[in-house]
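Asker: Sequence:
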Amino acid sequence: MWFKLPALVLGVALLAKGLAGLVVPGRFYAWRRAQFSTWRVPGAVWVSPSIAAGLAVVTWSATTFHAMAWNWVVPVTLTLGALAGFVNLARWPVYRKHGLRMVTNPALHRKLDCGIVVAGCAVVMFAITVY
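Residue numbers (this note's numbering): 1268 to 1398.
In short, the hints are calculated from the structure, not lab data.
It is possible that part of the hints are untrue.
Result set (BS3-like, lysine-lysine): computed pairs, CA atoms no more than 30 Å apart in a straight line [claimed, not checked]: (1) K1378 x K1284; (2) K1284 x K1271; (3) K1364 x K1378; (4) K1378 x K1271; (5) K1364 x K1271.
If you're wondering where the values come from, they're calculated on a predicted model, not measured in any experiment.
Given these sequences and hints, build the entire structure.
Answerer: Okay, here's the thing in structure tokens:
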């Protein structure tokens, strides 16, 4: 339970983001374009790394007190994801240029969204089968 729930939250979040980009790409990418167009870091961009950091704390405590097979995978993944998110936010002027280039390129949208959906499915299957 200590590992299954955070892994499921991560997997469902990836699925939701990928499916939103596939189902309503115009609206989704217009919203993302608006986020990357600002010079200040939008508040919504802080949500993902903050949730990942919170889940990482929960899973590291579970790793310490409720050891089981493959228990290191989820906390390491969440920690690296949270750190990458916070590093990108700290480097917002550079990161926003790269992000804006990606969200304004329609050729990348389907590839990116399909990759996110596949990653979400893999995390959900990992959570169900391993934990």
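Asker: Compare the structure with each hint and give your call.
Answerer: Verification of the hints:
1. K1378 x K1284: holds (13 Å)
2. K1284 x K1271: holds (20 Å)
3. K1364 x K1378: holds (20 Å)
4. K1378 x K1271: Between K1378 and K1271 the Cα gap is close to 28 Å, so the pair holds against 30 Å.
5. K1364 x K1271: violated (36 Å)
Taken one by one, the earlier hints fail for this structure only at number 5.
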